[in-house]
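Chains as they are written, first to last, in our numbering: chain A, 1 to 154; chain B, 1 to 200.
In short, the hints are calculated from the structure, not lab data. Hints are not guaranteed to be accurate.
[Said to hold, decoys possible] Listed next, the in silico DSS-like pairs over lysine-lysine satisfying Cα-Cα at most 30 angstroms (straight line):
| id | chain 1 | residue 1 | chain 2 | residue 2 |
| --- | --- | --- | --- | --- |
| 1 | A | K13 | B | K17 |
| 2 | A | K13 | B | K8 |
| 3 | B | K23 | A | K85 |
| 4 | A | K13 | A | K73 |
| 5 | A | K80 | A | K13 |
[Unchecked claim] Now the stretches of chain A that chain B is said to cover, found in silico as 3 or more residues with beta-carbon under 8 angstroms:
| id | region |
| --- | --- |
| 6 | 42-50 |
| 7 | 99-108 |
| 8 | 111-125 |
Using N, Cα and C, we set each Cβ at its ideal position, and we do this for glycine too.
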Amino acid sequence: MTLLQTLKNAVRKRSIHVCYVNTGSCNGCDIEILACLSPRYDIEQYGIYVHNNPREADVILITGAMSAQWIDKLPDLWDKVPEPKAVVTIGNCPISGCAFNRPGALIDPPVSKYIPVTAAVPGCPPRPTEIISAILGVADILFENYETKTEEKP
Amino acid sequence: MSVASYLKEFCRPGWIKKFFAAKTAPLRAPAHFRDFPELTGNECTHCLECRMICPAPGAIDVVQRADGKWEPQIIRGHCFRCGYCVEICPEEVLASGDILAKRHEQNLAFTQEYAVLVNPKLCMGCGNCCTACPVNREIDPDMGAGGTSVSTDVLMRIEKGKNTVLHNDLCKGCKVCEDTCPNGAMHVARRVEAIQTEGP
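Bound-form chain A, shown alone:
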């Protein structure tokens, strides 16, 4: 690996742009994400920036149990995200539907049925530390030698 590539990797890992999408959650996980922005956890010191615009995002944070209205919209939103991109689902809902997955509920989990999920953070809700470490863990894989990766793609 050249020195330039090493520098690129290091810089990109410290510039992760995040967009969060609420697909019908109870707001518990959203509040934990909000806590990540607070001075106690402060995600900007790790180089994670919130841009609630999928066209600017690298990582999409998904909360919620996939309500019926999101079923056609979420794949559209996923197509709008520029490469390199990844999805981190926050909480139990995108994995299993959690408490809402009862007979007759108008939800359709898991989210991984509709878009490829890179990492899932279980918990109801997960701790802010768990969310931060998941995003940082995904970013390490996502941006590592991104140029050579795209050449390998068909």
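Following the hints, complete the assembly by docking chain B onto the known chain A.
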């Protein structure tokens, strides 16, 4: 300060490290945090108390290992981390955060009771619940297919075309009646109380 002194400061390794590294150390979960329950190594007696109290759908399973021993399994992505299974387990098979320590400190004991509730508007007296009930079957093996019985010791029986609960205290909370009722007329309510006792 001159420009040169600034440049000198920017080249100092200590300064560069401080500038690029995250300022606050990654926070660790405190010791009392109730994380996903973990096994303590005590032997599970397969009483299924943990499964019965769990409020999350499909969060806990009690599975039998290859060597014949039972053990509870927490399914991440379903578990709320409420800690009820840790609190209720009589053998202390599971542990999470400070729950067990608090239980010892306060000498908590759990009592439970069940209430078999029948909605008379929905009940059509088919007797499925009475014949399916495992307690009924033990007391009166000759119970009729319509849920009628000559015995008054049974938990419930069909009287005048409606299900009548005779002995509520016999219920073990298996909810088989709830599952077999075609009309959704049966409901088994479970009340668990934690009582602080005086010493062990």
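- Of the hints given before, which are not true for this structure? The structure breaks none of the hints.
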